[in-house]
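Asks: Chain by chain, the residues run as shown.
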Amino acid sequence: MTEIEVNRAESQRLPAHLPSTAVDATRRPIPRRESRLGVLAERYALVVLLIAVVVFFSLYPPTSGTFLTLANFRVVLGTQGVLAIVALGALIPLIANQWDLSVGAVAGLSAVSVASLFSQNVPLWGVLLAAMIAGLTVGFVNALLVTKVGTSAVITTLGIAGVIAGAVTQITGGKSQVANIPAEFRAFGSGSVFGLPYVFWVMLVVAAGVHYLLSHTPYGRYLYAFGSNPEAARLVGLKTSLLLGSTFVIASVLAASGGLLLVARSGGADPRVGESLTMAALAAAFLSAASIKPGRYNVGGMLVAMLLLAFLNSGLNLAGAPPFVSQYVNGAALIVGVALAVIIGRRRRQRGKL
Amino acid sequence: MSNGNALLQATGISKSYGATQALNEMALTLCPGEIHVLVGGNGSGKSTFIKILAGVEQGDSGEITVSGNTVDARHANPDTSWKMGLRFVHQRSSIFPDLAIAENLAIGSVFRTGLGGRIQWKEQYQRAHALLEKFHIDADPRDLASTLSPAKQTLLAIARALQDEDGSGPSVLVLDEPTASLPRTEAVELVTALRGYAARGQAILYVSHRLDEILTVADRVSVLRDGDYSGTYARDDLTHDSLVELIAGRSWDSLVAAASDREPREVGRTVLVVNGLSGAAVRDATFSVGAGEILGIAGLLGSGRSTLLRLLFGAVQRETGTVELEGEPIELASPVEAMRSRIAFVPEDRLREAAFADLTVQDNLSIANVRRYWRHAWIDRSLERETSASLLKEFKVKASSPNAVLGGLSGGNQQKVMLARWMQRNPRLLLLDEPTQGVDVGARSDIHGLLRDMAARGTACVVVSSDPEELELLCDRILVMRNGRLAGDNDGAQIA
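Sequences listed follow chains R and F, in order.
Note that our numbering numbers the first sequence so that position 92 is 92, with each residue one more than the last.
Note that our numbering numbers the second sequence so that position 32 is 32, with each residue one more than the last.
Treat the hints as calculated values from the structure; they're not laboratory data.
Computed from a prediction, not measured in an experiment: that's the story for all the values here.
Be aware that one or more of the hints could be misleading.
The calculated DMTMM-like cross-link candidates involving lysine to aspartate or glutamate, where the alpha carbons are at most 25 angstroms apart (straight line), are [unchecked claim]:
#, chain 1, residue 1, chain 2, residue 2
1, R, 293, F, 331
2, R, 175, F, 386
3, R, 239, F, 472
4, R, 148, F, 331
5, R, 293, F, 386
6, F, 51, F, 72
7, F, 83, F, 98
8, R, 293, F, 319
9, R, 148, F, 337
10, R, 239, F, 72
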């Protein structure tokens with residue numbers, strides 16, 4: 001498969017992955033007062049930007065030889081696969097208007113647990129079980145603290161992230177865990193099918209699952225309602241504590257799954273890996289409200305935002321920009337994401353009043 | 001009292017927000033040593049008037065004169081208001097419970113500091129001590145404000161507001177519902193202290209809706225109704241009933257009588273029987289409602305009318321009493337359980353308690369009924385869309401589509417969406433708190449029509465409203481709530 005073909009396949013696949021949002025038949029027959037063009041621009045601005053970024057780095061002489069290659073896409077999409085699963089975790093509490101700052105730490109905890117259990121010759125099923133238990137445990141602790149004790153989610157999850165960092169250092173002694181990772185496990189992490197990494201396909205399946213949960217089940221409806229107005233949610237008979245608590249459990253389980261894949265991909269676990277994940281995941285989760293379904297945190301928007309950031313960083317990297325530039329990009333993306341979520345939300349409310 | 005010695009004189013103050021006239025030609029005079037109470041129902045313009053006095057809102061016309069200095073209400077601002085000697089104390093929110101009493105006082109004035117900006121605590125405490133004595137607050141300035149009783153906390157706020165008046169001429173103290181959150185004994189303590197301050201010459205403008213208290217504390221009472229100033233009355237000329245009539249525009253007695261005089265509608269079997277229900281502010285409520293009956297609950301703000309509905313919806317914890325729905329006792333531990341018994345509740349404060357303003361109209365309609373669309377592990381969107389569209393039609397909601405954002409609709413249309421949300425569940429008992437508040441006239445009559453249709457289909461309705469006209473138009477029977485207790489045509493039990 002040539003590089004061009006891969007790129008075309010990629011650009012077709014993304015929209016195809018989001019049929020129920022992009023091609024929402026329910027909206028067609030009813031006349032809308034909003035300008036059709038304005039709505040389209042708002043929905044797909046980031047998609048256009050993503051394409052522009054890809055085109056730019058494909059043509060820009062310093063990167064044209066390296067950016068648009070299968071190898072580069074494999075690296076980018078594989079890395080993003082892990083990050084996206086963690087970001088999907090952050091997305092769910094965010095819909096309930098809660099920030100989970102522990103997702104990166106949970107991914108890190110899961111990664112080092114997995115790696116150190118492998119090094120102690122624990123069989124694969126035991127390792128997978130341990131990763132899930134780690135995720136469930138942290139999720140339940142967050143959920144209980146937020147719903148029963150009533151602590152704020154930001155502070156709770158920040159504190160938990162700190163505790164986890166301590167646990168990770170204790171488990172690893174501060175050293176990377178690379179010994180004795182089974183070959184087939186690593187092969188899964190580095191292998192590809194249809195030209196793209198397994199990890200990326202796994203991520204798409206998880207994303208489809210989360211999209212289903214949010215858009216096609218009562219649970220998703222309840223979550224958006226709770227995020228919009230918790231008191232009203234209580235007074236339409238929603239079990240608000242259960243709802244809120246569940247978001248943290250799902251977030252931690254997804255983050256732990258991300259950690260698992262991280263070990264498969266990199267063949268080991270770095271004790272500091274969690275730190276960088278939280279911000280990138282939150283940035284993508286926030287930016288999700290800027291496209292596809294503007295004004296709502298949504299899975300399609302999150303994937304677009306994530307790929308945009310990933311290709312931007314990759315291009316800058318290949319163009320020889322120093323590593324700190326990507327930190328600027330990720331930090332700024334978080335702020336832009338939050339700002340866009342606020343601005344689009346406000347505009348939507350105002351436009352409704354026309 | 002003549003206007004000659006008036007300390008505060010406000011004349012011709014009007015204010016409108018868009019098409020709504022919030023305040024029309026308000027006039028008020030306040031003399032030294034007088035306690036002047038301002039009363040009115042929800043949306044009567046009390047708050048608007050107080051805000052203009054405080055300078056946080058500007059009037060469209062009118063003048064405010066304090067101690068001979070006149071300011072145009074169009075140019076009111078907080079600074080001028082303060083300089084003229086107007087001092088404001090709002091409910092209980094204005095003190096810092098975790099700071100010492102002396103610190104609370106100093107924050108309203110200045111901290112005395114010495115070398116290097118260090119607070120001179122000794123001097124601070126002496127000053128605080130003198131202030132506490134002057135305002136008859138028996139407390140140590142070193143104690144935390146939270147150790148004071150609620151009434152004393154309010155007195156502390158008053159002392160803080162008035163502490164800097166020395167020599168700069170007399171001040172006017174404006175108290176905005178100071179007793180709204182106080183228990184009865186505390187309110188009495190506060191009111192007694194206020195009488196003491198007034199006796200020393202302090203002019204007090206007092207906003208309240210507690211009628212008994214008004215009748216003990218006031219020298220004169222000014223009444224606002226729907227933004228119109230409807231007169232000032234000497235306390236001795238008022239009784240509890242005449243005050244109600246002034247505030248509501250008519251007496252409860254005539255309202256109850258009008259409802260019972262009317263040709264009775266067909267009322268079916270008894271649906272709801274409430275016996276001795278108590279919880280929060282509500283005491284010993286006993287009544288019943290029949291199928292297809294619309295029962296009205298009249299009462300002023302703070303009478304416990306909203307709490308009664310919340311008790312019936314499980315949103316406020318019941319203490320004693322029983323509730324039976326179609327002969328079966330129900331627990332009502334939570335809204336979830338109430339909904340299971342097919343009880344529906346449309347709260348008063350739409351924005352805070354009912355609307356999902358940034359979600360679509362369709363989301364808002366479906367939320368109480370999502371399971372109905374849950375088919376084969378998938379929400380059936382086309383069914384949801386059809387149902388929503390037909391609900392919008394049935395309830396005459398003007399919206400561009402079911403996908404319009406709810407927050408963009410007018411208040412009346414939003415309220416119709418809230419009604420449709422619950423009515424599609426075909427409730428046995430429908431509880432409505434101020435169903436047409438902040439709704440235009442057209443939508444209001446639509447909503448009344450919808451409620452009558454609902455009742456005609458056999459739903460038992462309980463409607464709380466502070467609008468007597470609405471109750472008379474809508475209800476088959478009216479009960480009156482006062483201080484948490486039901487009175488009035490209390491023959492509900494006999495319907496069965």
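Asks: When the structure is checked against the list of hints, which entries are broken? Sort them ascending.
Replies: 1, 2, 3, 7, 8, 10
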